[in-house]
Each structure stands twice: as C-alpha cells, then as structure tokens.
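Participant: First to last, the sequence lines map onto chains X and U.
When we follow the numbering used here, the leftmost residue of the first sequence carries the number 1, and every step to the right adds one.
When we follow the numbering used here, the leftmost residue of the second sequence carries the number 1, and every step to the right adds one.
None of these hints come from the bench; they were simulated from the model.
Keep in mind it's a predicted model, so treat the numbers as computed, not measured.
Warning: the hint list may mix true and false statements.
Computed list of lysine-lysine pairs in BS3-like fashion (alpha-carbon distance at most 25 Å, straight line) [claimed, not checked]:
1. X:Lys352 to X:Lys24
2. X:Lys225 to X:Lys54
3. U:Lys217 to X:Lys352
4. X:Lys352 to U:Lys274
5. X:Lys24 to X:Lys49
Anything over 10 Å on all C-beta distances counts as not near chain X; from chain U, calculated [unchecked claim]:
6. Gly18
7. Ile21
8. Gly29
9. Gly40
10. Gly92
11. Tyr211
12. Arg246
13. Leu310
14. Ser318
In this text, a Cβ means the ideal position worked out from N, Cα and C, and glycines have one as well.
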Amino acid sequence: MLDDGAARHALRLKGVSKVFGGVKALDGVDFDVREGEVHCLAGENGCGKSTLIKIVTGVYQPDGAEAFELFGERLESITPVQSRARGVSVIWQDLALFPNMSVAENIAFDEMVGLRPRGVDYRGMKDRARVVLARLGVTLDLDASLETLPIAQCQVVAIARALMNEARLIFMDEPTASLTQSETDRLLEIVRRLSADGVAIVFVSHRLAEVLDIASRVTVVRDGKLVGVYPTAGMTQARLGELMTGHLLEDHVTARDMATAPVVFQAQDLGLPGQFEGIDLTIRQGEVVGLIGLLGAGRTELAHAMMGMSQPISGQMRLHDQPYRPASIREAISQGMAYVSEDRLHLGLLQKQSIADNAAISVLDRLLDRFGLISNPQKIDLIRGWVTRLGIKIGQPDDAISTLSGGNQQKVVLAKWLATQPKLLILDSPTVGVDVGARAGIFRIVRDLAEQGLAILLISDEVSEVLYNADRVLHMAQGRIAGEYDPRKVSVHALEEVIYE
Amino acid sequence: MSDVIQRARTILGRETFGLLILMAVMVLGFSLASPKFLTGPSLSSMGFQAPLLGLLTLAMLAPMISGGFNLAIVYTANISGLALAWVMLQFGGPEAGLGAIALGVVAALVVGTLAGAVMGAVIAYIGAHPILVSLAMMIFLRGLGEFLTRGGDISGFPPALAVLGHGTFLGLPVPLILFGLVALVWHVMLRRSRHGFAVYMVGSNIRATEYSGIDTKRTLVMIYALSGTLCAVAGILMAARFNSVRVGHGEALLLVTVLAIFLGGIDPFGGHGKVAPVILSVLILQVLSSGLNLIGANQHLATAVWGLFLIAVMILRSEQLAAIFRRKD
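Excised from the complex, chain U in its bound form (with noise of 0.2 Å):
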C-alpha cells in the first residue's frame, strides 16, 4: 500500500499529490456534512463559476513563474468584455448575429493581447519592475472603462452568447470545457514549448538566460501578451454569464488568483511551477467556498478561511517542519 502512495507521489508530483489528499478530504468532508454536495445541481454550478477563476489565474501563471506579476489582470478582462460588447452593440445588441459574436471575440482577444503585450514591451525593454508597470496599466484600464461606460452596466447581448456562459455540452459545463481545453494548452506550452523554456530560464535568472542565447526581450513581451489573451477569455466569459459587463466585475478575484498559485506551488521568486497544481488549487478553493456556503456557513467565513488554508499549507510544506519529521524518524 505505501509502494503505491510512494509511486503515485512520483508520478504526479509531490504538490500534485499532496492537493490531491487535500481535495478527497474536502469532498468527503462536505458530503458526510451535506447529503446534497456530491449531487448534480451542486456540482455543475461549481463547474459553471470555477473556469472565470480558472481563466484569470493561469493569466497570473506564466508571469508569475517568470518572476514578474500582473496586477491588471482584471480589468484586461473587463477591458476586452467592453471590446465584445461594443462590437455586438454596433450589430444591433440582442440580435446581433453569431457573425458579430464572432467579430466581438476577435476583437475582444486583439485588445486583451494588447493590453498585455504593451506591458511586456515596457517591462523588457524599459527594464521597469512589473508590479509598477502592471500596476500603471490596472489603474489606466480602469480610468479608461469608467470613462468608456460612464461606470455603468453595458448589457443587451445576444442570446446565442449566453450558450458560452450557461450552456452545456455531454452534460458538462461550456466554461469548463473551454477551461479544461485552455489549461491543456497552457500546459504542455509551459512544459513543452521554446517559449515555455523561456519562461521558466527567465524566472531563475534572466541575465543567464540571456547569455546563453535566448531572446528574453522577446520572451517577456510573449508571456504578458498571452497572459492578455487569457485575460481576454475570462472577460469574453464574463460577459457571456452575466449577460453584461461592467468595469470592475470580478476585482476581488485578483488576490484569490494569488492565493491559488501559491496554494499550487509556485516559488515566489519564479523559475519554478507547475499548471496542473495550480488548476487543483483553483478547485479546492471553488470546492471549499460552494461547500461551506452549501452548508449555510457566511460567505465572508469562505474568504477567512482562504486565507487560513494558505497559512496552513506554507507550515506543511515548510522545510523546518519536514526536519523535525525526519529527525523524529
């Protein structure tokens, strides 16, 4: 029995399966505390608000890994939610056709890429530090969509756009098909890819990475580009559940988004994480707030705990704590 434990430790990853246990005591925690957890509705509305939370943490991913950060993550996809909304407004709103979702979500994405790419040039090319340079975005994307909307709600879609948010497919969730298919890309870009590589040599050290021939200006430029392009789904994904858009939607999520890449394993100085960690933390993080608001605990009580989780798993996974372990053995 321990071989297996010890194999499948190997296999997926000493993070990986160390969430995993994490996860299977949750689930079975909730479902002994609410017989109506582990049934269809529940589930599928978890699968239905994990993938926006999904979306904008991979966006916080690469650059993070890279050893930078992206503050502007969501207002990028606010931003780019008021590109689509725009264009299915100049189609005529509600009838708007699936020509013009097509060209609000192209639209959308070229805005979100943008956004991020104009990040990354000054970051690689000024040499600013990225909190600044993501911060001055944030604040200037906001200032921008406050003025575009007059700080209101822009709504009146389509109804084919709302297939995106509420639809199903085989049963499962549109959002989290989509989300599923984005963390596959976004992992084997990560792990198999030459900009991927980049990614992880530019987080370690950036000048080495650059002796050794790699383009790190370009590298920067890419990662804050495609985290604009991921940003760009969550706010086109935005505008498809709520069936509107509004410059701040989603602001509280930008911290969560930290909390779960730390809670996957990241190391805060960059060079070294992983995304399949990073989804399971998303999951648990969705699994504990929709249990905890199934068993009729306060919303705010889901928050606090968050925080608590993170403080836990930092003192588990701490080296200290491991040596007292082994000197015990």
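Next comes chain X alone, as it looks inside the complex (with noise of 0.2 Å):
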C-alpha cells in the first residue's frame, strides 16, 4: 500500500496554520492519509495532534492553509455538518456514546435523530446494526444496555458507529488506552478489516509498539510543526521516540542485585478468596520490583490489600519487620505506605481541585500554623518544593489540576505521596494516559527514589517498561505468583510470550 502511487488520498492537508491567542498550535504542517491506509498520528501531548483533526472535522477553521483536499475535492473550510457528510469520522477516547442506550441504539443513533417527528423503526435498525457489526467481524448482543459492556465492545460499537454513517476517514484518539493486550489485539483486527476494506484510518496512540505494528506511514508532530513522514518499515521505537520528544530516549535494563538490602516490606502465604493466595513478597530498601500479568490476575488486588483496602484472610505481611495488617487506607498511610491509583482520573487526583490542594491532602496535619489552622504559604512552599523536584510544569499552584497534561497531573500524585516520606510506594499503572516524553521523566524519577532507598512495587501492563525500571520482575496469574525473572536475562518478547500464551 506504501508505494502504491495509485491510491487515492483520502486527505491532502499542505501548509495548515491555526494560532490560539498568540500561539501556533500548528505551523504549516502537511498530513496526507490514503485511501485503505492506516496512518498514525504521533506526538506529544500538546503537540497539536487534536488541533489538526478538529481542523479535519470543521471545529476550527484553519488561520491558513496551502491546500485542504477531502477525497480529491478542493476546500477553503469545512463545517462539522459538511465534514461528516463527507465521510470524517473521529472516534475520541471518551467515545462520546450513551451509556444508558442499548448497542443497536448507540450505532444508530444518527439515523434516529431525525428533524421530522416520526417513529423509530427498531426492526430496521437492529438490521442495519448487525449487518454494520458483521463488516467488522463481530457479533454483540444489540439489545444489551452500553453500560453493561466492557470498555473494549463500547469501542466496537463507536466505530459500528462511524461506519454506519459511511465514514471512509476514520480518525481514532488512543483507542487502546484502556484495553488489556488482547482486547487491544482483536481491536487491531478489527482496523486492518476496515482498512481491507478502502476505509483510511488515522491512529493517535501512545503506545509506539502498536503503532508500529498497524499504521504503514507515521507522521510525527512536535511543537505545531511538522517532524516527518516515516514509513513503519524499519522503524524502531527508540527512534519514533526520539523523533517524538526531539531528544534520545535512555531505554535500557537498570536492573542491580538488591539482595542484600534490607528488607522493607515482607508477605507470606498472603491470600484473600477469589482474589490471590499463597503469595509470598518481599520488597527490599531500594529495590523496584515489577509485576506484570493480565488484567484481573490479581495486581491490583494485592496492592489494595497491601495498602489496608482489603483484609486478606489467609497469611501475614510484615513492615520494617514489625507485624503489619492495616485496617484501613488512613491506617496503611500512617506506616508509611502510599498507593499511586491506577486511576488516576476518578481515585488518584481531585479533578475540580487546585493543584496546590491535591498535593497537600496527604500532609495537611504537617502544613499548620501555630492555630492549628492550614497554612497558605506553607501548602504553597510545599508544590512549590515537589514542581522544583520533579520538575513538574504547572501555571499557578491555585489552577485547577484538570489544566495539567497526564504526565504532569502523574507527577503531582508522586509529589502528593512522596510529601508523606514512605517506606514502599506503590505505582499501579503509573504510566496510562502519559505520553512517551513524560514517561520516560517519571521513569528517571521512579529510579532517583529508588537510588535514594526508597522500596517501590511497579506494576504495570507494558513489559517493557517493567523490564527496563525494575530490579526484579514477578509475573502474577491467576491470583498467584507464577515466575520471577531477572531482567537482565530476559527479553521483553520473552516475557511477552509468557504473559499472553
């Protein structure tokens, strides 16, 4: 399909320019997707990627633009109306469906919002849906209520969606953000039919394997100007990395021998119904220690126990070698634990909240004046203090957090936990919703605490980045321990075959 000059595009964008306030969000960037073609979209965020696609599908108009070709017809703009009449579709993280609304309703839902009052023809529209759902390979239950699905069929029924208003340009915002690895596998299936099928697709993702493995053209973005076009061919992440963030991505094992230290954190025989069992622990001064495995092997349970959510039933957990069984998150907190959620938007960070407030609702009994009351500048010294640390971009300490990009508000959840001096920090997922650059930040932090002695249980889906941050790796499944692997003899794909077989 890369060289085949035959093809036609389905979007030619030349020279395209749009200024928020005195900003260039983008400075004459050209993007040209062919039909059939999948097309990643890459950058940082911020970097003007969700400009150029509101540019695509008539939210802005552009401030400028050389050429503007939507399936070989020239265009001054567009309006959102006429964008989709052409066939533009995007489907953005957040899906935009309606929870309460049945599948075959969610995938026709257009067609039934008509201007003339009439009824609905839902014989004709459960049609329509399973012949749409057929197209992609899938079969659903259409009269099942979308709150009922798992976020991965909510993602089928958005693009059942697109395709049922005859979108030939699909653009896609991290479709895989909250997908387990073989959700996100069927899902890539799923692209390639529809690209089979002459629909072109433009990919925005994170997660630079899965790029590299479906789109065959990446265009990298940084700063509103136009990095390149790269064919996948021969690309390496590294290198898409680096193009990404303009600087060299440090990708290697860190891996030392820790066995020596003391031990921090202990578990034996640790076991709650239905959950985990039989699971033995022991987390040293220093050390990280990943665990991987799929979704619902246990991870997260064990941390929730860990951190006095849960009280497990069977075995024993010992702190600093003192018995330790918390009653509660408050309990847990006060010895020294912290729990960096893995979500953070509903758990992790108070979204309505200002940043100064989010890092200090950890320390307020450490931030009182001699009234006993909260101390302004103090809660200010004290953001102030983390910004500085863990170099952290934020505005003013009194901006709502929601302001910040995900790797920034990521660092905010550190400094809110760092500010209680733990003795095990626990980071679940730390790296979801980050982009590449503010991953590998919170990676070298992730390794300066653990050089100052710091004990950190990382768990995370990626094996990669388990692999390169963590002294010792443990693969949970089933709600057991089921291996323990020293990165510096292990590869990544190795592990990946163990994962997933």
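Taking the hints as your guide, dock the two standalone chains into a single complex.
Facilitator: In structure tokens form, the structure reads like this:
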C-alpha cells in the first residue's frame, strides 16, 4: 500500500496553520492519508494532534492552508456537518456514546435522530446494526444496555456507529488506552479489516509498539511543526520516541542486584479468596520490584490488600520487621505506605480542585500554623518544592489540576505521596495516558527514588517499561505469583510470550 | 480606574465583586425611590431580620459544598428551640433566671447537634443519599415537634431572653453581631481548618479523598453535626425574637437558603463555594425584600423578584454569555 502511488488520497493537507491567542498550535503542517491506509499521527501531548483532527472535522477553521483536499475535493474550509457528510468520523477517547441506551440504539443513533417527528423503526435499526457489526466481524447482543459492556466492546460500538454514517476516513484517538493486550489485538484486527475495505484510518496512540505494528506510515508532529512522514517499516520504538520528543530516550535494563539490602516489606502466604492466594513477596530498601500480568490476575487486588483497603484471610505481612495488618487506608499511610492508583482520573486526583490542594491533601497535619489552621504559604511552598524536585510544569499552584497534561498530573500524584515520606511506594500502572516523553521523566524519578532507598512495587501492563525499570520482575497469573525473572537475563519478547500464552 | 476595578476583582473574587456591585445598585435604587430606605429604623429592621436567614443559610452551606443537602434545617431549629423552651418552662417560665437560659441554650445546641450527627452518621455509614436522609429527619422532627406541642405555640419566656432577639450592643442589633461572629468562624473553618479542607475534597470526589487518607466518614458526620449546631443557634434566635416557639416557624426559609447559596455562586455539584458571597447574597435578598416593602410593593412581589433574580444571575454567569462577549471583543 505504501508505494502504491495509484491509491487516491482520502485527505491531503498542506501548510496548515492555526493560532490560539498568539500561540501557534499548528505551524505549516502537511498531512496526507491515502484511501485504505492505516496512518499514525504521533507526537507528545499538546503537540497539535487534536488541533489537526479538529480542523479536518470542521470544529476549528484553519488560519491558513495552502491546500485542503478531502477525497479529491478542494476545500477552503469545512463545517462539522459537511465534514461528516463527506465521510469523516472521529472516535474520541471518551467515545461519546450513550451508556443508558442499547447497543443497537447507539450504533444507529444518527439515523434515529431525525428532524421530522416519526416513530423509530426498531426492527430495521437492529438489522442495519447487525450488518455493520458483521462487516467488523463482531457479534454483540444488540439489546444489551451499553453500560453493561466492557470498554473494549464500547469501542467496537463506536466504530460501528462511524461505519453506519458511511465513514471513509476515521480518526481514532487513543483507542487502546484502556484495553488489555488481547482486547487490543482484537481491535487492531478490526482496524485491519476496515483498511482492507478501503477505509482510511488515522491512529493516535501513545503505545509506540502497536503504532509500528498497525500503521504503514507515521506522521510525527512536535510543538505544532511537522517533523516528518516516515514508513513504519524499519522504524524502531526508540527512534520514533526520539523523533516525537526531540531527544534520545534511554531505554535499557537498569536492574541492580539488591539481594543484600534490608527488607522493607514482606508478605507470606497472603491470600484472599477470589482475588489472590499464596502470595510470597519481599521488597527491599531501594529495590524496584516489577509486577506484570494480565488484567484480572490479582495485581491491583494485592496492592489494595497491602494498603488496608481489603483484609486478607490467610497469611501475614510485615513492614520493617513489624507485623503489619492495616485496617484502613489511613492506617496504611500512617505506617509509611503510599499507593499511586491506576485510575488517576477518579481515584488519584480531585479533578475539580487546585494543584496545591491535590498535593497537600495527604500531609495536611504538617501544614498547620500555631493556631492549628492550614497555612497557605506552607501549602504553596510544599507544591513549589515538588515542582522543582520533580520538574512538574504548572501555571499557578491555584490552577485546577485538570489544566495539566497527563504526565504532569501523574507527577503531582507522585508529589502528594512522596510528601508523606513513605517507606514503600506502590505504583499501579503509573503511565496510563501519559505520553512517551513524560513517561521517561516519570521513570527517571522512580529510579532516583530507588537510589535514595525507597522500596517500590511497580505494577504495569507494559512489559517493556517494567523490564527496563525494575530490579526484579514477578509474573502474576490467576491470583498467584507464577514466576520471577531477572531483567538482565530475559527479553521483552520472552516475557510477553509468558504472559499472553 | 479600570485597573483599580481589575485589582478589586482579583482580591475579592469574581463572585463577591459582582454581588457587591449588585448590592450597590440596589441600595442606590431603593434610596432614590424612598427617602426612608437609608435611615436608622429601616437599616436596623433589616439588621434584625437578616441574621435568621443567614444562620440557616450557613447551616445549609457545608452540606451543599460536600455535595449533599440538609432539608431538615428549619425543623432542627424548631426542635432545638423547643428544648430551650422546655428548660425555661421547667425553671418557672417568665421567672426563669440567667442560669436557666444558659442551660436551655446548651440543651438546644446539644439537641440540634445530635439531630445533625444522626443524619451525618446515616449518610456516612449507610451510604444513603443526603436528600433522603435529611427528608426523613425533617419529617421525623416535624412530627415529633407537633406531637410534643400539640401543634400550638409555646411561650412565656423570661425578658432576659428577648435581649438576644431585640437588643442592641454599641448601636448594632445583637442578632446581627451574633451572625457576624458565626459567619467569621464559619469562614475560617471552611477556608483554613482541616475539616473545612476535607469538606471541599469530599464534595469534589469522595473516593479519591478517601484514597488520600482522609477520614471521609468522620468528615460527613461532622458536616451534618455542625449544620445541626447552627440550626440550633437559629432556633434560639427565633425563640428570642418571637418570644415563642412553634413547630413550622420559618418553614418558608428552607428554599430561600438554597436560593441564597446558588446566588452566592456555590457549585451545585459540590466542591466549590465560599462564605463571603453567600453572606452577601443573604443581605441582597434582605435589601430586596425590605426595599420593595418600603416602596409599598406587595410582599409576594418580593418573592417573585427573588426567583427572577436567580434566573438573571444564572444567565449572567453562564459560560455561553461570556463566550459571546469575548467573540465581540
């Protein structure tokens, strides 16, 4: 497909610019997608990817464009309605579906919502939904309420809805961010089918491995400027990361031998029926222990038990050689445990509140003045200190936390927990929704913390990030520790085989 | 000039600044319409009336910032007033001494706090919705109060109590001083204390707050217990002002407190809101009703205008409107 000059262009942009309040979000960017091509749009958060998508879909009007062609038609500008009528569709990360409606209703939503008052043809609607799903090679219960479906199937519904509107160019924004590996594989299979069907697909993802797997070409944008368009054949993750961030990313095994360091945390034969059993786990001072496994293997459940959110039935835990059995999160925290949750959006941060308050929430007792009231200057000092130490990019400490990028938000979560001066830090999928440059920054911090003696348990779905950053890797499957690996003696590929076999 | 305005806006906050302007416009309008508006008697009558609504509004505030609601505020105030009345009647009614009044006040505060704490405990530990819990409490307290009083008035209090409701100190109405003190304490509590911090956090995301190591259950119990305490203060004030206690007194104020809170820019979904703009809103509602009364308008008209007011404020605050103005710039 790549060298097939005969394939027509679905989209051709040349020299597109867009300015927001004096800042050039896009500066003369070229972008083209051929029919039936899977094309990746890559770049760090805030590089202009979303702006580009919004120009093609008519949400924004370009401030300048030398050429703007959609399916061979020259355009000056476009409205959202015109863009959709020409077959452009975007599947945003939040999917924009209706949780309380059925699968069929979601797929056929746009034809249901007519201007003329008329009854809904439920039978016809279901037939058409079935046809579209068949095109994707998927069967779903059409009457099921969407909220009962796992996120991966909602993703499929969103794609089906786009096809129902006869989409010929589909933008997919981080479609795999919350999918497991096997779900991702199935989604990529659907994407290949669509592409074989002649649908052009623009794929936006932070997971570089799958980008290289699925796309034939990749367009890299950095700071609103085009870096280049590259064939994925022969491209490596490291090279792509470098192009996106503009600097070399260190990706190599950093494991050290920590067998002689003092033990910080120990679990023996820990078990909670239905969640995990027979867990033996030792984490030493300054050690990073990686914990990999499939979703549902019991990793997060184990972390919850370590944090006092659930009470194991059997076995015992010791913290600094003292019996440790926390009855609540508060007790766990007071004993020196810290937990960066996998769900930053809902559990890690208070999205409505300020950056300063989010950082201060775990250490209020240490910010009191002589009247026992929270001291504002101390609160500001706290966050400013962490901003410097962790290299967090913020506006003002009083700005809402939601104004920060995923990577910077995660650094605020780290700051909030490091402020409690923990003995053991549990990181549960710390890089979900964090772009490649910021990921490197977060792991630099993690390794620094380990050097300073903090014991760390690193839970992740991404084998490579665990392998490159942990001193030991544990594999958890069906609630048990199934194996232990030395990162220096095992490859990413071999570990992936073990997990997904 | 515009620089000064800009600075005042940043220091006071958008809500407070806007409400101050509204207040100024209304005071100016009413004093032009009626020469009696800006005179001692008229101001003093407002100073006696506003504190009751103000105290009840503050009782509603923390539950609402925490994402909840307290429908039982008026009846909690009534039942606390009953406790005060009962103690005083035990000590001879009109002949009861200062000690009996003090004891009665303590009894009222205990009853109010307890009613609130029970609500808070049910909300925190059972996980029931605050609207349902406080509705149940409201119905229970009303029934209990009407049963105890047989639906009638309890009166015959010592004259010393009336000082609380009618007296002046340094020329200021005593209720206004009381309200000012409570408002100040509440402002400091919400903005600076650990409990206040927790109120805002619980209101924006209770699970994330719990995950951060804050005792959210205790926080909820405290929120409603303190709300009950404020209701008791309002109940004592009512007893002192009307020289009687009747279950159902002040019933109409329940929804007015909600009006004042929204006028004060509190986030209806919880997590944000300040004391100062809410106090201003209470005063604005008072000025509006007293002013209309003074220029001879029907009292019901004031209620209608209150409603229009809230709609107007929502329109003025809307993001869409702001966007339209930005585009014109």
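Participant: Each of the hints needs a verdict: does it hold here or not?
Facilitator: Verification of the supplied hints:
With a C-alpha separation of about 28 Å, the suggested pairing of Lys352 (chain X) with Lys24 (chain X) is violated against the 25 Å cut-off. Among the hinted pairs, Lys225 (chain X) with Lys54 (chain X) is consistent with the structure: their alpha-carbon atoms are about 16 Å apart, no more than 25 Å. About 21 Å separates the Cα atoms of Lys217 (chain U) and Lys352 (chain X), which keeps this hinted pair within 25 Å; it holds. Taking the CA atoms of Lys352 (chain X) and Lys274 (chain U), the gap is near 15 Å; set against the 25 Å cutoff, the hint holds.
Only pairs whose Cα atoms come within 25 Å are accepted, and Lys24 (chain X) paired with Lys49 (chain X) is accepted, the gap being roughly 13 Å. Even its closest Cβ contact with chain X, about 19 Å, leaves Gly18 (chain U) beyond 10 Å, as expected for a residue assigned away from the interface. At roughly 24 Å, the least C-beta separation between Ile21 (chain U) and chain X is larger than 10 Å, which holds for a residue marked as non-interface. Interface exclusion of Gly29 (chain U) from chain X stands, the closest Cβ pair being 36 Å apart, more than 10 Å.
Residue placement check: Gly40 (chain U) keeps its beta carbon more than 10 Å from all beta carbons of chain X (closest about 38 Å). Separation of Gly92 (chain U) from chain X is adequate, the least Cβ-Cβ distance of about 42 Å exceeding the 10 Å criterion. Look at Tyr211 (chain U): its CB is around 5 Å from the nearest CB on chain X, not clear of 10 Å, so calling it non-interface is violated. With a least CB separation of 40 Å from chain X, Arg246 (chain U) remains clear of the 10 Å interface cut-off, as annotated.
The beta carbon of Leu310 (chain U) is kept farther than 10 Å from every beta carbon of chain X, the shortest such distance being approximately 23 Å. For Ser318 (chain U), the non-interface assignment is confirmed: its Cβ lies about 19 Å from the closest Cβ of chain X, beyond the 10 Å cut-off.
When the structure is compared with the earlier hints, violations turn up for hints 1, 11 and for no others.
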